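Residue-level listing of the chains:
Protein chains: 2
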Amino acid sequence: MTRPPPYDRGVDKDNRPVPFAVDDFRRRMDRAATEAASKGFSGVLVTPGPDLVYLTGYAPTAVTERLTILVLAPGRPPTMVVPKLERPDAEKATGASAVTLVDWLDGADPYASTAPLLSADGRYAISDAAWAMHLLGLQRTLPGTTYVSLTDGMPMLRAVKDPHELDRLTSAGAGADAAFEEILGVRFAGRREIEVAADLAALLRKHGHSQVDFTVVGSGPNGANPHHEAGDRMIQQGDAVVLDFGGLRDGYGSDTTRTVSVGDPGAEVREVHEIVRRAQQAAFEDVQPGVECQEIDRVARRVITEAGYGDYFIHRVGHGIGLTTHEPPYMVEGETQRLVPGMCFSIEPGVYLPGRFGVRIEDIVTVTPDGARRLNNSTHEMQVVA
Amino acid sequence: MTRPPPYDRGVDKDNRPVPFAVDDFRRRMDRAATEAASKGFSGVLVTPGPDLVYLTGYAPTAVTERLTILVLAPGRPPTMVVPKLERPDAEKATGASAVTLVDWLDGADPYASTAPLLSADGRYAISDAAWAMHLLGLQRTLPGTTYVSLTDGMPMLRAVKDPHELDRLTSAGAGADAAFEEILGVRFAGRREIEVAADLAALLRKHGHSQVDFTVVGSGPNGANPHHEAGDRMIQQGDAVVLDFGGLRDGYGSDTTRTVSVGDPGAEVREVHEIVRRAQQAAFEDVQPGVECQEIDRVARRVITEAGYGDYFIHRVGHGIGLTTHEPPYMVEGETQRLVPGMCFSIEPGVYLPGRFGVRIEDIVTVTPDGARRLNNSTHEMQVVA
Chain A
1 MTRPPPYDRG
11 VDKDNRPVPF
21 AVDDFRRRMD
31 RAATEAASKG
41 FSGVLVTPGP
51 DLVYLTGYAP
61 TAVTERLTIL
71 VLAPGRPPTM
81 VVPKLERPDA
91 EKATGASAVT
101 LVDWLDGADP
111 YASTAPLLSA
121 DGRYAISDAA
131 WAMHLLGLQR
141 TLPGTTYVSL
151 TDGMPMLRAV
161 KDPHELDRLT
171 SAGAGADAAF
181 EEILGVRFAG
191 RREIEVAADL
201 AALLRKHGHS
211 QVDFTVVGSG
221 PNGANPHHEA
231 GDRMIQQGDA
241 VVLDFGGLRD
251 GYGSDTTRTV
261 SVGDPGAEVR
271 EVHEIVRRAQ
281 QAAFEDVQPG
291 VECQEIDRVA
301 RRVITEAGYG
311 DYFIHRVGHG
321 IGLTTHEPPY
331 MVEGETQRLV
341 PGMCFSIEPG
351 VYLPGRFGVR
361 IEDIVTVTPD
371 GARRLNNSTH
381 EMQVVA
Chain B
387 MTRPPPYDRG
397 VDKDNRPVPF
407 AVDDFRRRMD
417 RAATEAASKG
427 FSGVLVTPGP
437 DLVYLTGYAP
447 TAVTERLTIL
457 VLAPGRPPTM
467 VVPKLERPDA
477 EKATGASAVT
487 LVDWLDGADP
497 YASTAPLLSA
507 DGRYAISDAA
517 WAMHLLGLQR
527 TLPGTTYVSL
537 TDGMPMLRAV
547 KDPHELDRLT
557 SAGAGADAAF
567 EEILGVRFAG
577 RREIEVAADL
587 AALLRKHGHS
597 QVDFTVVGSG
607 PNGANPHHEA
617 GDRMIQQGDA
627 VVLDFGGLRD
637 GYGSDTTRTV
647 SVGDPGAEVR
657 EVHEIVRRAQ
667 QAAFEDVQPG
677 VECQEIDRVA
687 RRVITEAGYG
697 DYFIHRVGHG
707 IGLTTHEPPY
717 MVEGETQRLV
727 PGMCFSIEPG
737 VYLPGRFGVR
747 IEDIVTVTPD
757 GARRLNNSTH
767 EMQVVA
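Chains A and B, in that order, are what the protein sequence lines are.
For the first sequence, this note's numbering gives the first residue as 1, with consecutive numbering after it.
For the second sequence, this note's numbering gives the first residue as 387, with consecutive numbering after it.
Worth flagging that the hints you see were computed from the coordinates, not collected in a lab.
Here the structure is a predicted model, which means the values were calculated and not measured.
Ideal Cβ positions, reconstructed from N, Cα and C, are used throughout, including at glycine.
Some clues are possibly wrong.
To be verified - Only some residues are given here: those of chain A computed to face chain B with a beta carbon under 10 Å:
{"#": "1", "residue": "THR47"}
{"#": "2", "residue": "HIS134"}
{"#": "3", "residue": "GLN139"}
{"#": "4", "residue": "LEU150"}
{"#": "5", "residue": "PHE214"}
{"#": "6", "residue": "ASP297"}
{"#": "7", "residue": "ILE314"}
{"#": "8", "residue": "HIS319"}
{"#": "9", "residue": "LEU323"}
{"#": "10", "residue": "GLU333"}
{"#": "11", "residue": "GLU335"}
What the hints assert, rightly or not - Selected chain B positions facing chain A (in silico; Cβ < 8 Å):
{"#": "12", "residue": "THR447"}
{"#": "13", "residue": "ASP475"}
{"#": "14", "residue": "GLU477"}
{"#": "15", "residue": "ILE512"}
{"#": "16", "residue": "ASP514"}
{"#": "17", "residue": "ALA516"}
{"#": "18", "residue": "LEU521"}
{"#": "19", "residue": "LEU522"}
{"#": "20", "residue": "VAL534"}
{"#": "21", "residue": "THR537"}
{"#": "22", "residue": "PRO612"}
{"#": "23", "residue": "GLU660"}
{"#": "24", "residue": "ASP697"}
{"#": "25", "residue": "ILE700"}
One chain only, chain A, in its complex shape:
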């Protein structure tokens, strides 16, 4: 279950990630175009963000109202429409030599520059986070075209990680685990949540993260708000404290949660923690290629519901992770996508008792041919801090 994945290594002899090369990007773009065709799409439209980074290595300095869009269509060379003044930046991207650039000048209509690359009655998959403004511009310019979001139309585009990506996610997970180990040694009682959050952020950076995206410290009743970040509340003896933190290491995400107790947790917290631990473990053990995503959610939910806490588990059990912290596949009721080796996602059941406390346990896992492998490996036993 915990054997290393059967992949080539994406790191060099010093364990540093090998940069992605133009061939990686060319292969990804080819695959995207082929997959689009197999799903009946005329092509894929990609705007700045993780999809564009994945396919070309290009990230504009800022995502603005100026249209940048990569058009991938089967049998046609990849072409990217860019603002003229950003062309020099685009040309520097690793994948740029595999892409034809078309630029447009301020004051011109960028949708008119894009239209010749599209079929007038085409059906396209478009980046989830493409600006509505740009989608409306395309719909206006080519009223015969239709669109589906990439997550709805081609959710698997980035879902199966290649060996280089998997190594990065593994090292991000290990960095987050190391941060957790060290946070157990800091003082909790009598300090504010934001102080512990600052410690966590510093530890993520110490352990290789270039970017810290979130450091949730939800103490006592604040732990019952699953998206509480960290506030001014003074942490008290006896508090359960939800620690949910992550960021980017070598461009790939980490995201892990542990719930610790400041001193003795007491019977109820202990009981809820054990239920959540069992739910996490049951979902983990259920992971196999071919299993539907919603099944992972159901398995965890069943454990919590049977223990009587079903009404207090108010979110899906997991989300994919890669270049972004939240991406397909989603482990949620209604998601019939089947698991495939190389997928990486969180398993993070929780119980939230309003006004009292919350408990969540979260690991990133990857699907292997014979089950799940954890990318977070710190203990699931409830840790007691001072």
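Fit chain B to the supplied structure of chain A, relying on the hints for placement.
Below, chain B alone, put in the same frame as chain A:
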């Protein structure tokens, strides 16, 4: 021309900004609904980002695939659809008490939760940066609805600043000016662009900025790429160096550019700088209520074109600024929007000679009843640095 604006003050006696109150948000939401109706819209749909901050004070911890959307329709109470697990955060926003919240649970269809708030054949203005995924979800759920981006349909929504906003922009501009004054004293020759950029970032923070968004240091040939940020190039004696920097102070943006010379600039740089200075001044003097935005671009462009450099001025002359660095109104050919007192935007002509050097001068200005007032006031004379 430089008299203070005829507004109430948005700062307290210690010159600190007065926080926006629920009545500010209620007034803005009322105005948005009324303006939508007057333009034939059934309402306004606002997703997380600057529009939502402007209208409610609410900024979710992260903008994700989970739908959050504010629906403003004339004669109906403002209503915001939020993910259940983010509801506690939404409730804490200053404007929340003026908004009805509707939540949806993971696994449910958020567009189904939104549909009852919309007319089945309605025409809506929607946030520019709303995710395409969400727009497609609304179009799929209510196929009779039509949409226009806020910038296309209601570009004036945030364009005219109120007194509190104007004070914030004024203080952001003053902070950027103070950073510029101090950067003149640092060493340029023999240091890398990124080192000077780091100095600039530190100076913006020293002068009140909570966030640094960009610190362009374009030395010598790098200055000819208008969106070059800062790189490893060693700055050399005789370089022209474009410094374009800004960020957020009390939530509002700064954005200013000056081009300095490392030692004597030489005749050509001096000549180009003088042309750009005259273009900036001409555009500034052309600002009056009622003038079309495109006219501001034309006036600056004419000066540069008549001097023989028209082909080297490859971007619009300006953009609005407020909660974001780029927003309507845009000073660009084709923009017939007329100027209104309280609008704030950049005037930033430039000349870019590929492989050689670039020159740009940029001030934020605000429209007053009798012309423009600069929010950046550092000298336009070319400064020589060491």
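Quick rundown of the hints versus the structure:
Given hint, THR47(A) at the interface with chain B, holds; its Cβ is 8 Å from that chain's nearest Cβ, closer than 10 Å. Annotation: interface hint on HIS134(A) holds; nearest CB of chain B at approximately 7 Å, less than 10 Å. A cut of 10 Å between beta carbons decides the hint on GLN139(A): the least distance to chain B is about 9 Å, and the hint holds. Evaluation of the LEU150(A) hint against chain B yields a held restraint, the C-beta minimum of about 8 Å falling below 10 Å.
Hint status for PHE214(A): holds, given a least beta-carbon distance of 7 Å to chain B, under 10 Å. Residue-level restraint check for ASP297(A) holds (minimum Cβ-Cβ distance to chain B is 8 Å; threshold 10 Å). Interface restraint check for ILE314(A): the shortest CB-CB distance to chain B comes to about 6 Å, inside 10 Å, so the restraint holds. A distance limit of 10 Å between C-beta atoms decides the matter here; for HIS319(A) the minimum to chain B is near 9 Å, and the interface restraint holds.
Because the closest C-beta pair between LEU323(A) and chain B is about 14 Å apart, greater than 10 Å, the hint is violated. Residue-level restraint check for GLU333(A) holds (minimum Cβ-Cβ distance to chain B is 4 Å; threshold 10 Å). About 8 Å separates the beta-carbon of GLU335(A) from the nearest beta-carbon of chain B, less than 10 Å, and the hint is met. A least Cβ separation of about 6 Å between THR447(B) and chain A falls short of the 8 Å threshold, and the interface hint therefore holds.
Using the Cβ-Cβ criterion of 8 Å, the hint placing ASP475(B) at the interface with chain A is satisfied: the shortest such distance is roughly 6 Å. This hint is violated: GLU477(B) has a C-beta 10 Å from the nearest C-beta of chain A, more than the 8 Å allowed. The restraint placing ILE512(B) at the interface with chain A holds, with a minimum CB-CB distance near 5 Å, inside the 8 Å limit. Below 8 Å, beta-carbon pairs count as interface contacts, and ASP514(B) has one with chain A at about 4 Å; its hint therefore holds.
Annotation: ALA516(B) was flagged as interfacial toward chain A, and the flag holds, the nearest CB pair being 4 Å apart, inside 8 Å. Interface restraint check for LEU521(B): the shortest CB-CB distance to chain A comes to about 4 Å, inside 8 Å, so the restraint holds. Contact between LEU522(B) and chain A, as hinted, is supported at the beta carbon level, the nearest pair being about 5 Å apart and thus within 8 Å. The interface hint given for VAL534(B) is met, as the beta carbon of that residue sits about 7 Å from the closest beta carbon of chain A, less than 8 Å.
Below 8 Å, beta-carbon pairs count as interface contacts, and THR537(B) has one with chain A at about 6 Å; its hint therefore holds. Annotation: PRO612(B) was flagged as interfacial toward chain A, and the flag holds, the nearest CB pair being 5 Å apart, inside 8 Å. Nearest Cβ of chain A to the Cβ of GLU660(B): about 23 Å, over the 8 Å cut. The hint is violated. About 11 Å separates the beta-carbon of ASP697(B) from the nearest beta-carbon of chain A, more than 8 Å, and the hint is not met.
With a cut of 8 Å, the hint placing ILE700(B) at the interface with chain A holds, because the nearest CB-to-CB distance is about 6 Å.
Hints 9, 14, 23, 24 from the earlier list are contradicted by this structure; the remaining hints agree with it.
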